[in-house]
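Visitor: Generate coordinates for the entire structure from the input sequences, incorporating the hints supplied.
Just add 256 to wherever you are in the sequence shown, counting from 1, and you've got my numbering.
Take the hints with a grain of salt, since some may be wrong.
[To be verified] Here are the simulated distance ranges between beta carbons:
| # | residue 1 | residue 2 | range |
| --- | --- | --- | --- |
| 1 | N399 | P345 | 30 to 40 Å |
| 2 | D292 | G412 | 32 to 42 Å |
| 3 | N346 | L396 | 26 to 36 Å |
| 4 | A286 | G413 | 14 to 24 Å |
| 5 | V279 | S327 | 29 to 39 Å |
| 6 | P312 | I374 | 15 to 25 Å |
| 7 | V342 | Y409 | 16 to 26 Å |
Keep in mind the hints are simulated off the structure, nothing from the lab. The beta carbon of each residue, even a glycine, is placed where N, CA and C say it ideally should be.
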Amino acid sequence: MRIMFAALVMMFVASTALGETPVIKMYAGAQGVWYDDDVKPSDFEAGGNARASLSPHISAVGCAYYGVSHSYLRGSIGARVTATDVDNPNFSIGLGIQYQASSRPDIRAQEWVPDVTIGWKPWPNDLPRWIVIGQAGYGLTTNAGNAIAGVRYELGGFGQ
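Guide: The structure is reproduced here in structure tokens:
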């Protein structure tokens, strides 16, 4: 985990050295999580996300969440590539990979997880800070899928 944190810091420094100021944004979030074969959500998580745009299409991403029902902490760090129009701030699809760490590996495994993420602002004029998200991932160690559906509230950003 320390190596990934060091790599993220190096990416920020490298992008600044190249004259590209990284845009960092932070979000508070709540989500339902499906990580087993149950039809209902496996858990509900509350926490936060951060992203740093290293270019219009590439972002470093990270999160920290608390699983309410099963009482665990989960965090991840990775990279995401925007696969849609980067000039449309109201809808995006991203392809990424993150390393997920967990205080309860028996519930949320510690592994690399490639993912597909959709972000949508349904009311960009009335509620511009609210984002509806969906994410599906596949654990490379467990060979198990997971899904997230939730909301994010943009807390703000810096480095603009």
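Visitor: Could one say that the CB atoms of D292 and G412 fall in the range 32 to 42 Å?
Guide: Holds - the Cβ-Cβ distance for D292 and G412, about 35 Å, lies within 32 to 42 Å.
Visitor: Just tell me: holds or violated, for the beta carbon distance of N399 and P345 against 30 to 40 Å?
Guide: holds, 36 Å
Visitor: Could you see if the CB distance from N346 to L396 stays within 26 to 36 Å?
Guide: 32 Å Cβ-Cβ, so the 26 to 36 Å window holds.
Visitor: Is 15 to 25 Å right for how far apart the beta carbons of P312 and I374 are?
Guide: Given range 15 to 25 Å: holds, Cβ gap about 18 Å.
Visitor: Holds or violated: 29 to 39 Å for the Cβ distance of V279 and S327?
Guide: Distance hint for V279, S327 holds at roughly 34 Å.
Visitor: How does the Cβ-Cβ distance of V342 and Y409 compare with 16 to 26 Å: does it lie in that range?
Guide: holds, 22 Å
Visitor: Quick one: are A286 and G413 within 14 to 24 Å, going by C-beta?
Guide: holds, 20 Å
The structure meets every hint from the earlier list without exception.
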